[in-house]
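Participant: Protein chains in written order, with our numbering: chain D, 1 to 600; chain A, 601 to 1200.
Watch out, some of these pointers could steer you wrong.
Unchecked claim - Lysine-lysine pairs mimicking DSSO-like chemistry, simulated, CA-CA at most 30 Å apart: (1) Lys1110(A) with Lys587(D); (2) Lys335(D) with Lys935(A); (3) Lys884(A) with Lys331(D); (4) Lys1195(A) with Lys553(D); (5) Lys595(D) with Lys935(A); (6) Lys1195(A) with Lys587(D); (7) Lys1195(A) with Lys484(D); (8) Lys1153(A) with Lys585(D); (9) Lys224(D) with Lys927(A); (10) Lys458(D) with Lys1176(A); (11) Lys484(D) with Lys1185(A); (12) Lys595(D) with Lys608(A); (13) Lys335(D) with Lys884(A); (14) Lys673(A) with Lys284(D); (15) Lys1110(A) with Lys585(D); (16) Lys576(D) with Lys1110(A); (17) Lys927(A) with Lys331(D); (18) Lys587(D) with Lys1078(A); (19) Lys587(D) with Lys884(A); (20) Lys595(D) with Lys1079(A); (21) Lys478(D) with Lys673(A); (22) Lys1084(A) with Lys587(D); (23) Lys608(A) with Lys422(D); (24) Lys631(A) with Lys1153(A); (25) Lys1187(A) with Lys576(D); (26) Lys595(D) with Lys1110(A); (27) Lys493(D) with Lys1187(A).
Derived by calculation from the structure, the hints in this document are not laboratory data. Just so we're clear, the structure is a prediction, and the values are computed from it rather than from any experiment.
2 protein chains.
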Amino acid sequence: MADKFYSKENLRFLLHEVFHVEELCKREYFKEHSLENFDMIMEAADSLSTNHLRPILLEMDRNPPYMQNARIKVHPKMGELMKKFGEDGWISMSVPHEFGGQQVPFTILQATAFIMAAANYSPMAFAFLTTGAAHLIEAFGTKELQQTFIPKMMSGAWQGTMALTEPEAGSSLSDIVTSATPTADGHYLIRGQKIFISCGDHDACENIVHLMLARIEGAPAGTKGISLFVVPRLRPDEKGELVLNDVNTAGLFHKMGYHGAPIAHLIMGEKNDCRAYLVGEEHKGLSYMFHMMNEARIGVGMSATAIATAAYYNSLDYANVRLQGRKLTEKDPLKPQIPIIHHADVKRMLLFQKAVLEGSLALCLQACMYYDNSKTLEGEEKENNFLKMELLTPIVKSYPSEMSILTTSAALQVFGGYGFTKEYMAELFFRETRIHTLHEGTTAIHGMDLLGRKVMLKNGQATMLLMQDVFIDIEAAKKFESLKPYAEALEQKLTQLQELTMRLMGVAQKHGAEIFLSDATLYLELFGIIAVGWQWLKQGVVSEQEKTSSSKKYSAEFLQSKLLTLHFFFEYEMPKTEGLLTRLKSKNNVTVDAKPEEIV
Amino acid sequence: MADKFYSKENLRFLLHEVFHVEELCKREYFKEHSLENFDMIMEAADSLSTNHLRPILLEMDRNPPYMQNARIKVHPKMGELMKKFGEDGWISMSVPHEFGGQQVPFTILQATAFIMAAANYSPMAFAFLTTGAAHLIEAFGTKELQQTFIPKMMSGAWQGTMALTEPEAGSSLSDIVTSATPTADGHYLIRGQKIFISCGDHDACENIVHLMLARIEGAPAGTKGISLFVVPRLRPDEKGELVLNDVNTAGLFHKMGYHGAPIAHLIMGEKNDCRAYLVGEEHKGLSYMFHMMNEARIGVGMSATAIATAAYYNSLDYANVRLQGRKLTEKDPLKPQIPIIHHADVKRMLLFQKAVLEGSLALCLQACMYYDNSKTLEGEEKENNFLKMELLTPIVKSYPSEMSILTTSAALQVFGGYGFTKEYMAELFFRETRIHTLHEGTTAIHGMDLLGRKVMLKNGQATMLLMQDVFIDIEAAKKFESLKPYAEALEQKLTQLQELTMRLMGVAQKHGAEIFLSDATLYLELFGIIAVGWQWLKQGVVSEQEKTSSSKKYSAEFLQSKLLTLHFFFEYEMPKTEGLLTRLKSKNNVTVDAKPEEIV
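With these hints in hand, go ahead and build the complete structure from the sequences.
Facilitator: Pasting the structure below:
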């Protein structure tokens, strides 16, 4: 097993030099923090990941959850881990002081999540799902709900979940039918089913607390009639003792990877005794949930990047030690074989991974910084950062997720025939990351979100603001002779993207939503490549500055590797925009025009 | 489970209308065959696949092979199946009459292999690996070897294997170290190890016969010192009874898919009693093996196409029945949900699969026809067909294999969250097909084969001959108004490809082999897209002809679906050549220039 699963140096480079995360400590909300403090948190995440998460990755993969007596059993270490996540403050790190948390920036939370997910994705999900669920109660719940649930969740004793999906309501959330009937006692009674509930039942915690969407009887149809409830598996009775709350585990979904975390099928209210506590106001559930969805979506991009990063270092390690073949110019078969990293195509497969992953990580952190700025700045700046974060979110969710399928596949390919076997972990990462284009909205959903909503958000203000940030980095890059051609290439791509967007807005007006959005997935892909090109330029500027700086904080190899990878991205990845632009500009509406019966 | 795993109609369309497989029956060697006969063979393959192979696909996936008492155990049905493969003549179908076979064209063999692999890839591998191994004994073995081994192999009693790879000799076959020591009795004694031997040990046959590469003591280094041997697990003694031949199973490789077939690690000669029988002449083993490799490589392309085809029909079936969401223009949430096949992005994911798969299948059959022509025509035509087959082989091996990763991923995506679970079979196909870019030469090896050898084979004659065939189809397509734009687009792409090739030949002369071949994988990808575009044009011409033909052999929907998919290929896939051309024309040798220590 490769020891290295992420690069500490790269994460520090991004947080310190590229994104200046210490700027956040100037804000009132983060004033108790410092760069040193952030570094200590990173060290702690590294230690936790190295000593507790990574060592059980293979075990978890080989021993997936199972059902026993209508309950789900998970890996026996998960109980200890949840306690540790609670005691050491991981679950509560981003929670406000008033709820017992450390008020750590979202950027730092995500950076630690990156380290943990690179080590072992599943346990991290138990912890941060709980954080996400608790955030909803903090933000919208009553004092009583907060007091009852938050401390238990923060301690790791109670698992939190997001219970949205139903058998007939996946991408189409407006079709939720789980019902909530009000009672004279103030609580509601839930009846219905939920599927695909991550950590929806297991034996590593005392209790499971579902943040669940349901429709109050008589509510309006569609998205405007959905309310948010707290629905615990066990509810505290009058004496504070936990009693069964009529939430039953109907099944466990067996999956191709991500084996450490159980995905449950739940049935509520079979005995008409499933009590639920309304969060916030009636019928506003979906807006509350969306309030938290940006965080969750950025988290998915980060997790995909993390798993793919682990796959990269695994393959890099192998490429450096596996001997096979000789230089093409070496004709003597008696000469010793060379490490495969010397072969151009192996270097291509490695640099492809590195270019995509370090670009994705930067893009995720960029969105995190916009997020933290939107929470802690004031007035126009607050709003502007919020708009940029909103615009970037579908890209940050999707580019890393889609690309991680290809990069983990490239990592597997580096191993040759061994890649298909379980001798190394290449096949595990390839399976593990495949969830990410599906959960928290499929790629198609995010394509439509980007092109159909975000690009024209506030009459295109979000886009304009983001472009301003990109142009600042382009101008900075033009000052370096080595970066100028790439700065100009990116400038040209931005122009093409803007022209395309205008053209598509014309299509929307002239031909309607269906044709307008028919290739939204490709538009998302195009925007993603350009956005990651931007992040490479940004990293290029800092690398050039650091090369001549006296601080010598980064080794010459590290900085050279950054610039090399930037070249690779612009030489191998950026050209992919050409075919996408051609297709997106075409007037041939093949897919919309195709009748379902013609697809045979 | 979706019932349909391939399209009978499409296979018939390709064999009858596009490739006129009946032409082969005019050749002396195939004179006992007829189109009716071929159709009967297809029907038999369909029946075998539907009734015996498909029903155990899931079982085989869930119950992979395991070791017991130093032997490998496979699915209990495999024994019956091998008997059936033998008795019903599947193993011997392409074998000459003189060895008890039916002398069926390779094209027909591959068409049946396609059906079987679409149903369940693993059992098919047991059968056709045996055929391939027997072919080597037929072609190069002594009468005695032929009499001893071929009948047993044809009956399915004895498994045949190809034993090439060693721990330190995978892609670099010249590094084989397994040794063969001559004895006074005529046989050799083998010592060494082989890994990744498909069906290299199992309990479904009485015996396993390895066609094994080894180095005779004192042989020249490198590829010129490798000989081919028959090495049975059990050898017949003087009385004809089977005794152990000192071939031991050291291990079983656990894999991410393709679970029905065991991949073994073998150790020979631990007791210095592993007898081997030389096939053909000393030191010519690799050339014999290469003689059979085109068949094996075309077979890999066919299998990748087959698995991905099964994934396509699985997802198509789901898309037609799964209700989710409404038309984008429908704002009433009380209207019933619609089948997801109505959504443009779902149609895109389906047409992407169909365009790639039916194009791949046509390309594979094209190579098969060249193969059969090269075996049964005379003089220049024989040679010309051989050259075209040689040129196409790396593309036929690689394009379907690489693309099947993406198409099975698209199929999985159609299922939304269910795609990641084991509820449907989407995740199985995604795992199953991942072997194909690895075995029978990795994609990188085929890229170098194409650009470094095949494109300039006989001073470029192979390329010229293939281009002539493509231009015939382009001219035919230009006669149809509907196809003309695509014919012109393909013509332009061919010109660009030729210009690029000339340019790269200049690079080879000026900068040497390493820079020349550094992006051979991308060149292979480019050539593949263009070659499949050609196959779509060919199918387009026939579809247009059939539309107005009085025969009405194909439904209007089928022909319309063909033309729709052709449009899709040229609209969505062909543009991908643009970015590839840009990269391949670049003078920035990023990967060759990158030092291994700069990839961190």
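Participant: Each hint: holds or not?
Facilitator: Structure-based check of each hint:
1. Lys1110(A) with Lys587(D): Judged against 30 Å, a Cα distance of about 43 Å means the pair is violated.
2. Lys335(D) with Lys935(A): violated (73 Å)
3. Lys884(A) with Lys331(D): holds (19 Å)
4. Lys1195(A) with Lys553(D): holds (22 Å)
5. Lys595(D) with Lys935(A): OK: Lys595(D) and Lys935(A) at ~21 Å, within 30 Å.
6. Lys1195(A) with Lys587(D): violated (45 Å)
7. Lys1195(A) with Lys484(D): holds (23 Å)
8. Lys1153(A) with Lys585(D): violated (37 Å)
9. Lys224(D) with Lys927(A): holds (19 Å)
10. Lys458(D) with Lys1176(A): Distance ~34 Å between Lys458(D) and Lys1176(A) Cα, so the pair is violated.
11. Lys484(D) with Lys1185(A): Holds, because 20 Å separates the two Cα atoms, which is no more than 30 Å.
12. Lys595(D) with Lys608(A): At roughly 22 Å apart (the allowed maximum being 30 Å), Lys608(A) and Lys595(D) satisfy the hint.
13. Lys335(D) with Lys884(A): Given pair Lys335(D), Lys884(A) holds - Cα atoms ~22 Å apart, limit 30 Å.
14. Lys673(A) with Lys284(D): violated (58 Å)
15. Lys1110(A) with Lys585(D): Violated, at about 39 Å.
16. Lys576(D) with Lys1110(A): Measuring from Cα to Cα gives roughly 28 Å; hence the hint holds.
17. Lys927(A) with Lys331(D): violated (63 Å)
18. Lys587(D) with Lys1078(A): holds (21 Å)
19. Lys587(D) with Lys884(A): With Cα atoms ~57 Å apart, Lys587(D) and Lys884(A) exceed 30 Å; violated.
20. Lys595(D) with Lys1079(A): holds (27 Å)
21. Lys478(D) with Lys673(A): violated (64 Å)
22. Lys1084(A) with Lys587(D): holds (17 Å)
23. Lys608(A) with Lys422(D): Status violated; Cα separation ~36 Å.
24. Lys631(A) with Lys1153(A): OK: Lys631(A) and Lys1153(A) at ~26 Å, within 30 Å.
25. Lys1187(A) with Lys576(D): holds (17 Å)
26. Lys595(D) with Lys1110(A): Given that 30 Å is the threshold and the Cα spacing comes to 53 Å, the pair is violated.
27. Lys493(D) with Lys1187(A): Since the Cα atoms of Lys493(D) and Lys1187(A) sit roughly 21 Å apart, the hinted pair holds (cutoff 30 Å).
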